[in-house]
Amino acid sequence: MPSPMEIYKLLPKTNCGKCGEKTCMSFAFKLLNGEKRLEECEPLFSPKFEVSRKKLEEMLAIVEKAKETGLIVNEDLCTGCANCVVSCPVHVEKDPYNAAMGRGIEMEEPILRIENGVVRVINLSLCRRYGKERTLCVICRENCPTDAISFVEEA
Amino acid sequence: MFEFTKLMKFDVRVVVAEDILHEGDKAKALCSRELAEKLGVRNGDSIRLTRGDVSVCFEAEVSEFAEGVDIVIPSGYFAARLAGLENPKRFEAEVEKCDGADSI
Amino acid sequence: MGVVCTACSCLCDDIVIKDGKIYHACRKGCMLLTGEREKTRVEGGEADVEKAVERARELLKKPLILGLDNVCCEAQKAALKLAEETGAALVDHSLLSGGELIMFARELGREIEFEKFRDEGYLSFYWGANPHNSLPRHLSRFTYYPRSGKRQRGYEEDRFLVVADVRRSETAKIAEKSKSGLFLKVEKDGELVDSLLKAAEGKAGKYVEAARVLKEIEKAEVNAIFGGSGLYWGLRDLTKLGELVEKLDISFVPLTSKANMRGFAELMMKKAGSLCYDFGEGREIGLEDLPAVFESCKSVLVVGADPMRTFPHSLVEKLAGKDVIIVNSLKSVTSRVIDVEVVIATELSSFSGGRMIRSDGVEVEISSQPSSQPESLRDAEVLEMLR
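In order, the protein sequences belong to chains S, Y and U.
Residues in the first sequence are numbered consecutively from 42, following our numbering.
Residues in the second sequence are numbered consecutively from 33, following our numbering.
Residues in the third sequence are numbered consecutively from 42, following our numbering.
Errors might be hidden in some of the hints.
Here are the computed lysine-lysine pairs in the BS3-like style, where the Cα-Cα straight-line distance is at most 27 Å [stated by the list, open to error]:
id	chain 1	residue 1	chain 2	residue 2
1	U	218	U	229
2	Y	58	U	359
3	U	218	Y	58
Some chain S residues well away from chain Y (every beta-carbon gap over 10 Å; in silico) [said to hold, decoys possible]:
id	residue
4	63
5	74
6	76
7	81
8	84
9	89
10	93
11	100
12	172
13	176
14	183
No wet-lab data here; the hints were simulated from the structure.
Where a beta carbon is used, it is the ideal one built from N, C-alpha and C, also for glycine.
With the rest of the complex left out, here is chain S (with noise of 0.2 Å):
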């Protein structure tokens, strides 16, 4: 997972503020996190920073491929106890009188989901460890004895 520095260093570093952001730094720091997209840095296009373009989105592609499996499972480990899926804060909110009641989990599109025996990814969107109000939640490894549970930037 590229840091904000390494995103930086590719950027021309000008400050030219084209992008709505005020420093390149900024800048770096809200592509990581999704907010905003290589396309609105326009001094970036230009055949003076292609090198660094095309090595910016490589670095990129790798932060949205996390963002869409940021939570790994490990199936050999998982037992499909379900300690994950009932102790998630998300799933207690969203699902009162099933999953936070310990009973199979019925919401539509949950965070986790037992299928087949084993702990599934199924809609991270919702998990708080990502978007914008993103919290350092690590609820679901913690109850997991058999560690099955790791997230990406970790991985």
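Based on these hints, arrange chains Y and U on the given structure of chain S.
Structure of chains Y and U alone, referenced to chain S:
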């Protein structure tokens, strides 16, 4: 690892417990870190457990879940070979390295 | 109503099978629901049920009826009647997996239903049990993780988890890592019983953490010890455990992992006054009697069990040369490794309908489900046919 560990035999405490992830057609056993270091065993190595006149070879996995005892074997066919009526869940056995784990 | 999973004695009734996927069942449940199914055969060749039943009836002489912990109450009753009629010895796995804890709990009369604990329970004390493997959804459905009833603030504030075990199991790891948990590594269970009794009198015993357990118990009215087979084998004599449970004014629930071991125990206690009984000799069967029982039978009827996986081989080897009949839904190791005269394939217990009794004594209705093998008979039907 020193080769002479192949000649070592130790008395060990064995616990039989349900283990969904490790029970199957191939004999597997969880080994504590302490025993693994003593015996010179790594993940995938084979160990022979002998109790009385019965021996079974297991594929060892060094595991935190064997901490507190020496060996944990999943309840199932291979545990049933070794266990006796006096206490089918906890017993003592002799352990040594061997080649290849038993399978059904 | 969902499908009821019969892989363990949680008897989870919220399983959904849809579009080729199984939802909410743990790995153990899935292994049961997707396991390779048995085929009816006589002397190795495929046969129809009528022929197999006919051959089995010929072979059933001075039988040992073995298993019965994974079949419904109706099948257990049919097996009991068959045992009475044929003078069979009736043996399940309870003598080896702490079935005495069921008798102990019934006599003590301090059990609690899992749903009530889910709604009101504070401290769950798993003693000699590792539910993470034996009853995988127990913590998430009933004890530590659910937010329900009076326990809306979940495991962080409204629950406390104690695990006493000889090793640091998966459940012990959860307790150890948590701020609202405690792992007691125990060498001798009797010493922990003593320590807790002493702590109740304000004295210190070998395990100083016993005082903390008591302090936590005092925080709430509803607390429970869930005792597994490790507790039974660690103590054997349960007298002091009974004193402890009374002294702490706490609930006690036996945790047996086999789906309907409780059902069999209830039936046998009512009909024969003991967990296992020899209807031929007219006497109770204890642990020390098992070798003689296995030796003296002429035929073995295995019902819903896999003895080569669950009974010590020093016992099972005594069945060599005897006529073996298996009544089961899933292919077993036993049918692979020993010579079996007759195999009668039955419907999966999760689909066959009937009743089972959960670990906490609550009866669970198993609804009949469409099956991939609709021609398979239910265990109870086959056992009736054998009479």
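Do the hints match the structure? See the list:
1. Taking the CA atoms of residue 218/U and residue 229/U, the gap is near 23 Å; set against the 27 Å cutoff, the hint holds.
2. For the proposed pair residue 58/Y and residue 359/U, the alpha carbon gap of about 24 Å is at most 27 Å, so the pair holds.
3. Only pairs whose Cα atoms come within 27 Å are accepted, and residue 218/U paired with residue 58/Y is rejected, the gap being roughly 32 Å.
4. Interface exclusion of residue 63/S from chain Y stands, the closest Cβ pair being 49 Å apart, more than 10 Å.
5. Chain Y leaves residue 74/S outside its interface by the beta-carbon criterion, the shortest separation being 35 Å against a cut-off of 10 Å.
6. Taking the minimum C-beta to C-beta distance to chain Y, about 41 Å, the non-interface status of residue 76/S holds against the 10 Å cut.
7. Non-interface status of residue 81/S relative to chain Y is upheld: no Cβ of that chain comes within 10 Å, the nearest being about 48 Å off.
8. Look at residue 84/S: its CB is around 52 Å from the nearest CB on chain Y, clear of 10 Å, so calling it non-interface holds up.
9. Every beta carbon of chain Y lies more than 10 Å from that of residue 89/S, the smallest distance being close to 52 Å; the non-interface claim holds.
10. At the 10 Å boundary, the C-beta of residue 93/S stays outside the reach of chain Y, the nearest C-beta of that chain being 44 Å off.
11. For residue 100/S, the condition that its CB be more than 10 Å from all CB atoms of chain Y holds, with the nearest at approximately 35 Å.
12. With a least beta-carbon separation of about 33 Å from chain Y, residue 172/S lies farther than 10 Å from that chain, consistent with its non-interface assignment.
13. The claim that residue 176/S lies off the interface holds: its Cβ sits roughly 29 Å from the closest Cβ of chain Y, which is beyond the 10 Å cut-off.
14. With a minimum CB-CB distance of about 16 Å to chain Y, residue 183/S clears the 10 Å threshold, and the non-interface call stands.
Violated hints amount to a single one, hint 3; each of the other numbered hints is respected by the structure.
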